[in-house]
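For the record, the sequence lines run as chains L and F.
Convert by adding 43 to the 1-based position in the first sequence; the result is the number in the numbering used here.
Convert by adding 891 to the 1-based position in the second sequence; the result is the number in the numbering used here.
These aren't lab readings, by the way, just hints derived from the structure by calculation.
Here the structure is a predicted model, which is why all the values come from computation and not from measurement.
For glycine and all other residues, C-beta sits at the position ideal for the given N, C-alpha and C.
Certain hints may be false.
[What the hints assert, rightly or not] Pairwise CB distance ranges (calculated): (1) F:Glu961 - L:Ala364: 26 to 34 angstroms; (2) L:Glu94 - F:Lys983: 40 to 48 angstroms; (3) F:Gln917 - L:Asp417: 23 to 31 angstroms; (4) L:Glu385 - F:Gln951: 31 to 39 angstroms; (5) L:Glu465 - F:Glu912: 23 to 31 angstroms; (6) F:Glu912 - L:Met468: 27 to 35 angstroms; (7) F:Pro982 - L:Gln529: 49 to 57 angstroms; (8) F:Ser923 - L:Asn525: 45 to 53 angstroms; (9) F:Asp913 - L:Lys310: 45 to 53 angstroms; (10) L:Val305 - F:Thr959: 44 to 52 angstroms.
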Amino acid sequence: MALHNLTLTQISQGLEAGDFTSVEITKHFLDRIKQLDQGENGINSFITVCEEQALADAKAADERRAAGNASKWTGVPFAHKDIFCTDGTLTTCGSKMLSNFIPPYDATVVENMKREGAVCLGKTNMDEFAMGSSNESSFYGAVKNPWNLETIPGGSSGGSAAAVAARLVPAATGTDTGGSIRQPSALCGLTGLKPTYGRCSRWGMIAYASSLDQAGPMARTAEDAAMMLNVMASFDSKDSTSIDQDVPDYTATLNDDLAGKVIGLPKEFFPESLDGEMKQTMLAAIEKFKELGCTVKEISLPSTDLAIPAYYVVAPAECSANLSRMDGVRFGYRCDDPKDVEDLYKRSRGEGFGDEVKRRIMIGTYALSTGFYDAYYVKAQKIRRLIKNDFVKAFAEVDFIMGPVTPSPAFKIGEKSGDPVEMYMEDKFTLSCNLAGLPGMSIPAGLINGLPVGLQIMGNYWSEASMLNAAHKFQQVTDFHNAAPQGI
Amino acid sequence: MALDRSDVTNIADLARLAIAEDNIGQYQEELSSILALVEQMNAVNTDDVQPLAHPTDAVQRLRSDVVTEENHREKYMANAPAQESGLFLVPKVVE
């Protein structure tokens, strides 16, 4: 099998067995990136390729292995979403604003991967400041979906998704504020997991909406996602919202028996308006879980429809506060010839941010302004409580909640970019997880019109191990996760 | 709530965002439609609901008041768009 078709787990095993070296496999993937990602017709999934550093890290990893102290990750190539600060390596967050930003430190997630000796091949493209569902808002250009180059890969972690789907890397990090791991994973045929809020450190992860942001793995299989979460997850005293809870070995329970597990199907995730083929694809996938011994129960999450309105208050409000640090003074883009300090702030921000970011900053500024705080932000936080209560009630009766990740497969580049509100509807099935802080994942569930769609698995707080177990068992009896785009 | 042009100018000003005169109309339309979406929240009575500040209701951790940051002045200053004598340079603030 060609090296790029190996899964993360297989690469780890291959390095261990001495089938190939880290330098060999790193070169192989770097060559693929050159061939398939760059230039006019390239996928454009990378903003920065760290060729020199990756080769040096691969060499160091091979030496570490020879010295007998390799871990599972030593020498294994992967990529980071360009939202994670990497010491000495350009970190743009998909924005002109940070087009010259060289972080002076590593994010905790980056540090965790480095400690294991993993080899980062580069930084992946993304919607600007993680605001988007199509990867069209990146200053570095739209990313193409390897399944059909005319369609979007999803967003905001669209570069990570496209890179893994095109076998340019075996796995990549992502972040999910409203669906940004799950939606691109679904549209590119990957296994992606957004953990419980507080599971992975947010330190050094450029903030969009701090009470919702969470990092997680994007890979081809649940087994690979488990291997990655083992390292990404940690308690971190530098992140005040990190939770001090032991990180289990997520790979240890992958093969546990699913018999007797109860799956809840919320009727709000299967509305009358849901595309018939999408509904059938989801139900066929759920049928497989029944064959694995699960039972299915219809449930209701009555506040689901309020997730979009609440999200578009909470996220913009927090982003308007977080992005106020981009002022052209200490780092980032600065306008030419500011006439006074006010002009410096306004033009640096006006020129440095793209349209979607400006829209969200303005909505947030408005929602937080005098006289409107209670009507918008507090109201939205109350809705969050209602959404959470729905889930608490449901998880008293079921082990997992399942439904679609997106209303449809990938749409065409440019199709929805003219209407922000229509674009927001893309996230209607993913937002409630973030508002409640719950873990959610997407696993490949088949193709519609030749494009992949994902089944969403939601679990109770801290149930990542059970979710990965369910996903892995499903992948043992199905083949959807092995499908690859044509010509890849 | 539908915004008028002066609302948009005022919000942009509060957010320290320069927006072109020509784009105000478009922002007015887009922001108004986002607010219309957001106001669907008003359909539910939440009088007796506690706002949710942290998803797992965790409380802030306290830490000892000790120095944890090392001095990386030069590294931090390397990202400054303009500097002089080791200080960030901005246009004159006080006349």
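Status of the hints after comparison with the structure:
1. Our hint of 26 to 34 angstroms for Glu961 (chain F) and Ala364 (chain L) holds, since their Cβ atoms are close to 27 angstroms apart.
2. For Glu94 (chain L) and Lys983 (chain F), the Cβ-Cβ distance of about 44 angstroms falls inside the hinted range of 40 to 48 angstroms, so the restraint holds.
3. Roughly 29 angstroms separates the CB atoms of Gln917 (chain F) and Asp417 (chain L), a value that falls within the hinted 23 to 31 angstroms.
4. Evaluation of the 31 to 39 angstroms hint for Glu385 (chain L) and Gln951 (chain F) yields a pass: the beta carbon distance comes to about 34 angstroms.
5. For Glu465 (chain L) paired with Glu912 (chain F), a C-beta distance near 27 angstroms keeps the hint of 23 to 31 angstroms intact.
6. A hinted range of 27 to 35 angstroms for the beta carbons of Glu912 (chain F) and Met468 (chain L) is consistent with their spacing of about 31 angstroms.
7. With their beta carbons about 55 angstroms apart, Pro982 (chain F) and Gln529 (chain L) fall inside the hinted range of 49 to 57 angstroms.
8. One distance hint, 45 to 53 angstroms for the beta-carbon pair Ser923 (chain F) and Asn525 (chain L), holds here, with the actual separation near 47 angstroms.
9. At about 46 angstroms, the beta-carbon gap between Asp913 (chain F) and Lys310 (chain L) stays in the expected band of 45 to 53 angstroms.
10. Distance hint check for Val305 (chain L) and Thr959 (chain F): the Cβ-Cβ separation is about 46 angstroms, which falls inside the suggested range of 44 to 52 angstroms.
The structure meets every hint from the earlier list without exception.
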